[in-house]
Amino acid sequence: MSGFVAGKHHSNNQTFSLAARFAFRELRGGLKGFYIFIACIALGVAAIAGVTSVSRALTEGISQEGQSILGGDLSFRLIHRQADADEQDFLNSLGTISEIATLRAMARSDDGEEQALVELKAVDDVYPLYGEMRLQSGQPLETALAKQNEIWGAVAELALLARLNVEVGDTLSLGRTNIQITGIIENEPDKLAGGMEFGPRLMISKDAIADTGLIQPGSLVRWLYRVRIDPAPSINALETIIKDAEKTKADAGWRIRSRANASPGLQRSIDRFAQFLTLVGLTALVVGGVGVANAIRAYLETKREVIASFKCLGATGGFVFQIYLVQMLVLAMIGIAIGLVLGALIPFAAGAALSSVLPVKLVTSIYPMELGLGLIYGLLTALAFALWPLGRAHDVPPTALFRDIVTGGSKWPRKRYLFATAVTVIALAAIAILLAHDKRIATIYIGASAGAFVLLVAVARIIMAVAKRLPTVRSTELRLAIANIHRPGALTPSVVLSLGLGLSLLVALALIDGNLRRELTATIADKAPSFFFVDIQSHERDAFEALLTKEAPTSSIQSVPMLRGRIVSLNGIASEDFVPVQEGSDWVLRGDRGITYEPSLPENSKLSEGEWWPENYTGTPLVSFDAEAATDLGLNIGDSVTVNVLGREISAEIANFRDVEWQSLAINFVLVFSPNTFAGAPHAHLMTLGWEDEVAVDTELALLKEVSNTFPTVTAVRVKDAISQVNDLVAQLAWAIRGASSITLIASILVLAGALAAGHRSRIYDAVILKTIGATRGRLILAYGLEYAILGLTTAVFALLAGGVAAWYVITRIMGGSFVLMPVTATSAALIALVLTVGFGLIGTWRVLGEKPAPVLRNL
Amino acid sequence: MTNAPAIALKNVHLTLGEGAGQVHILKGIDLEISKGTSVGLVGPSGSGKSTLLMVMAGLERADEGAVKVANSELGPMSEDQLARFRGRNVGIIFQSFHLVPNMTALENVAVPLELAGDGSAFDKAKAELEAVGLGNRMHHYPAQMSGGEQQRVAVARALVVEPEILIADEPTGNLDESTGTQIVDLMFTAQRERGTTLVLVTHDPNLAEKCDRTIRVRSGEIEETVAAPKKEVSA
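Just so you know, the protein sequences line up as chains A and B, in that order.
Each number in the working numbering comes from the position in the first sequence (counting from 1) with 269 added on.
Each number in the working numbering comes from the position in the second sequence (counting from 1) with 738 added on.
Calculated from the structure, these hints are not laboratory results.
Note that the coordinates shown come from a computational prediction; the quantities given were computed from them, not determined experimentally.
Just so you know, nobody snuck in bad clues.
Here are the in silico distance ranges between beta carbons for each label pair:
#1 A:Gly298 / B:Ser783: 25 to 35 Å
#2 B:Ser957 / A:Ile645: 58 to 68 Å
#3 A:Ile700 / B:Ser816: 32 to 42 Å
#4 A:Gly298 / B:Ser916: 23 to 33 Å
By construction, the Cβ of each residue, glycine as well, lies at the ideal position given by its N, Cα and C atoms.
This is chain A alone, in the form it adopts within the complex (with noise of 0.2 Å):
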């Protein structure tokens, strides 16, 4: 061997920047066969993008609006009772107190006809210390509420009114006094840091709560104390604060939130829901990266012979890969941009539109951390998708310019470029899973995603192998359907992957929220009591037993002492300090509870470990605990719970472990303590009714209004409204997800329309082929109707498979419900698909069949 290699002197001369010197040089030739590759990446981008600013607008609305929302620097909340004196001037040293109750009571129509569960606030006259409390008429809040002829005044949400009946003006029973409306509540500045509601606000004077006759001792009230300080103190030197007030204070019992934490509910709900929109998002610019694939595919096998060119005059393969990676990152890029404009403008868009529904305002602004992440996602998810087609190219060999060589499908690039996608992918999903505020949820996603993707790859083989080993049918539009369905450069794989993902995904979100819907509907309501009776007072027990008894005589009646309280510490460590072994049940630490004690064990429960106390017994304070919650939690029998019930901690042992049935919406609670742990606390009592058949509506409606007016203190929940409230609650969040969702049915379309687009050469030429030895537009349309049927359905077919067990797992695994095929749902999937994909794969041929066969020949 002479010893001169050519390329050993010359290694260096290949750079990246020459790569993309003739990268710029070749993207000249315009955009042409990229804009669904642009239009893919775009989409995805900006659902992402959309999704995370405008998760990150409203979340800054929560903090810029913090001390209104809260209605004060700092908030502290007890329960049953109000601040003691010591804990009064605690409160008061801090600066201005606002002392607001909350309750839910009954309000009754003059004439004792209709009546109302509402959300009854009570406050005193700095309220609100905080934020703008607008009535309609514009009056101010204390002359509304101020008592005027011996009657107090009331303001309400319009709701109300209409619920009731009443006008501005007309009087209202509530417990046992009677009180004025005089106003219409326009904005409440404080609305969210309440909880779920399950009425509308009825506003009234602190002073005349007392009236009312509501708050009892064991009544479930929950007194505010909002601390507003001048000037305001830095959320720092508020935490100090809250530190301050849990040791000195310690037995309080009370929850206290800073501005900086006004309404971590919504808060969590907003995180949550975004986090869930996002992967959304991510699946749709997945299915888009099969829409990136498909385009650098094509491109590069347009690009063959320039390649080979390259390589005969001196290109080596890796330089190759750079010049057309360089392209691929260039149209990204574009893509990306438009993803991230659009992105930036929904905010803006959600802001205008949405006012009126958004829980706060949105601060609308360009928040570079969530266009980064839209950034991120999109050229990863482009990376991820293009480098295995670009890795190819740098085998194309140079010999491609002297022969014709077969474009054989399936090489697979070098080691390399496998192992550069796979970082890409694993890169994405690790971003996803670790942004994610349900580590766990993103993980089962990815992964399900994960898998529908690679089954869905071994699906189009399936169909491509069938059809290749498929008898000869007698049809010739069959025959010719079916030849096209496996033979090279066949539609297939993009129409089953990129449909099938979208589809499937359709099908898992709308037969979760069916069967979400089913529960709430027909399978609580069937087994729900039909009222829950609260805030029952000891000596009105029986009395209010026996008139429900006369009243309902074919209903069963339970009765549970009721008081709440929270968790404090589990095993001596702070309730906010506790780390649970598994995510699941952390809402048991969280606000306050029912709690109860019983003798016996609950009709409801199953014991599932340990033993249940004596009937009598009188030792160590014991308690019950919920069996599901306390896997979730790490606890064991003989651990120690403490809770704080009316100003006081109470520990004790658990005894033993529970199995509830939470979807009874029975009497059920996490905690059920031993008898003797609450002997001699006042406590009021909590009582169901339920019919064992269904009742009509004016049966309950005739029992509501009775216990209403008979003890106008005791709270009726109807169940039937709860749940309706729940299911309206269920169908806007469904139809955002929906609305979300589709964008992968989008991406799914622009692939499928990229794909067909793609194939259309090869189309036109054996259609115009077929007419001219024969073949008429008739019988040609038949056989590709044919083809694009036996693809949508097949699609139809696994989407309803993948996204049915996906349904499944989450409803039974995640969710522990029963899960209900439904049949509606799975026809439009694959109605869905047959019209998408034998409607675009017509309009595409449609204008190629209806010409003349010669000017076309001619052209070819």
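On the provided structure of chain A, position chain B as indicated by the hints.
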């Protein structure tokens, strides 16, 4: 200076295709081509002449035998080394020109120099284009030029690196007679004036006659070698 041949092939075999579709294309080719000479490869379609050309250019690897071109053994080279080798030592002219459509004539000619890291790539490309009579078409794209002009760009591109070997696969196959003659003149002038070794595949007996030697290939074997009588190529 040694008198080593520009191209030396010893017992070269090549089989293409897989399984039942395998075709034994080159069957023990022994061939030496002296520096600065011109050789015409002729023979019926499918005889293996283009494949033989590709083996000489390092575009196709021999299954068996030794290939030495411009003093380099091609057998042990990797794909990338072969690419760089071609860039420096072999100029190739195709029947279908194969210019890069989105590059101007000047850029097309500069490509091999740029790939070789030549700092004055564009100056040399400009000079080469002027030499083939396209000084006024430098900034035109291939689609804006006639077939003859495109092939002249291709010739300029092949010659710009001053290759030791110039290879042409039916260079006039897509051109009319008079345009074809211009291209042939350009190639033979370069061979004569620059001392380049020219190997071309052709079906045109007149073109083959212009070469110093004609090699007839049939069924993957060299059937006969005919040395042409010495004569001038008209300019």
